[in-house]
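Chains A and B supply the protein sequences, listed in that same order.
Take 215 as the starting number for the first sequence in the numbering used here and just add one per residue.
Take 9 as the starting number for the second sequence in the numbering used here and just add one per residue.
Any given hint might turn out to be false.
Derived pair list, reagent style DSS-like, types lysine-lysine, alpha-carbon separation capped at 30 Å [to be verified]:
no.	chain 1	residue 1	chain 2	residue 2
1	A	K271	B	K106
2	B	K63	A	K284
3	A	K271	B	K86
4	B	K106	B	K78
5	A	K284	B	K78
6	A	K284	A	K271
7	B	K81	B	K63
8	B	K104	A	K267
9	B	K63	B	K78
10	A	K271	B	K104
11	A	K267	B	K106
If you're looking for bench data, these hints aren't it; they were derived computationally from the structure.
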Amino acid sequence: DAGITQSPRHKVTETGTPVTLRCHQTENHRYMYWYRQDPGHGLRLIHYSYGVKDTDKGEVSDGYSVSRSKTEDFLLTLESATSSQTSVYFCAIKEELSDTQYFGPGTRLTVL
Amino acid sequence: AQTVTQSQPEMSVQEAETVTLSCTYDTSENNYYLFWYKQPPSRQMILVIRQEAYKQQNATENRFSVNFQKAAKSFSLKISDSQLGDTAMYFCAFMKLKSNDYKLSFGAGTTVTVRA
Chain A
215 DAGITQSPRH KVTETGTPVT LRCHQTENHR YMYWYRQDPG HGLRLIHYSY
265 GVKDTDKGEV SDGYSVSRSK TEDFLLTLES ATSSQTSVYF CAIKEELSDT
315 QYFGPGTRLT VL
Chain B
9 AQTVTQSQPE MSVQEAETVT LSCTYDTSEN NYYLFWYKQP PSRQMILVIR
59 QEAYKQQNAT ENRFSVNFQK AAKSFSLKIS DSQLGDTAMY FCAFMKLKSN
109 DYKLSFGAGT TVTVRA
């Protein structure tokens with residue numbers, strides 16, 4: 215357990231509504247990541263952060279934005295949710311000494 | 009993104025037996041890390057083992073070991089003395105070190121079922 219929590223753990227929403235997922239860490243890690251998991255694709259990187267207010271895109275960033283106003287929180291926002299964004303979303307931190315990523319418990323998002 | 013291929017979508021093994029999961033990757037980099045993660049039905053992603061490319065010695069963690077063949081770009085995972093709790097999806101992942109973003113590229117996963 216790397217002290218990572220995600221909220222909410224489950225969410226059902228409707229197409230066109232905004233959604234924000236929160237990732238919270240307690241150990242002051244610099245790097246944080248958002249991935250989505252879909253059948254047949256493994257996990258794919260959406261966005262990542264390398265410090266407060268420092269973020270960059272991953273391979274599937276369209277339709278998503280992120281913010282990191284303090285070290286412990288990394289927010290993922292779907293500006294206008296679509297059914298193709300139905301997925302399981304994982305947050306991860308990178309441990310500095312080992313360069314190993316550890317994951318939160320995941321959020322299952324369903325967009326109807 | 010780097011390409012990571014897991015060619016076995018599903019595998020089944022008898023309890024106490026050994027199973028080997030394959031993973032190949034495509035890269036022109038020399039410095040990188042490779043990982044195996046386990047995802048049981050609880051959905052939690054759990055680190056199984058980590059290999060640094062500059063180390064020739066294969067990593068081992070209890071019943072889990074890897075066969076790292078750098079020239080062949082192959083990174084297989086062996087689970088010995090399989091237990092029912094090993095039932096999970098297993099993901100191979102690649103991390104390039106040069107770019108300083110430490111992003112992971114994942115394979116599509118292999119579902120392992122351990123039979124009693």
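Now for the hints, and whether the structure bears them out:
1. Taking the CA atoms of A:K271 and B:K106, the gap is near 17 Å; set against the 30 Å cutoff, the hint holds.
2. Simply put, B:K63 and A:K284 have alpha-carbon atoms about 36 Å apart, too far for the 30 Å limit, and the pair is violated.
3. Note on A:K271 and B:K86: the hinted pairing is violated, with a Cα-Cα distance of about 34 Å set against a maximum of 30 Å.
4. Restraint check for B:K106 and B:K78: the C-alpha separation of about 17 Å stays at or below 30 Å, so the hint holds.
5. Between A:K284 and B:K78 the CA atoms are separated by roughly 40 Å; this puts the pair beyond 30 Å, and the hint is violated.
6. Among the hinted pairs, A:K284 with A:K271 is consistent with the structure: their alpha-carbon atoms are about 19 Å apart, no more than 30 Å.
7. Distance restraint check for B:K81 and B:K63: the Cα-Cα separation of roughly 14 Å lies within the 30 Å cut-off, and the hinted pair is therefore satisfied.
8. Distance check on the hinted pair: B:K104 and A:K267 sit about 23 Å apart at the alpha-carbon level, within 30 Å; holds.
9. Our distance criterion of 30 Å between C-alpha atoms is met by B:K63 and B:K78, whose separation comes to about 10 Å.
10. Between the alpha carbons of A:K271 and B:K104 the distance comes to roughly 16 Å, so the proposed pair stays at or under 30 Å and holds.
11. A threshold of 30 Å between alpha carbons decides the hint, and for A:K267 with B:K106 the separation of about 23 Å falls inside it, so the pair holds.
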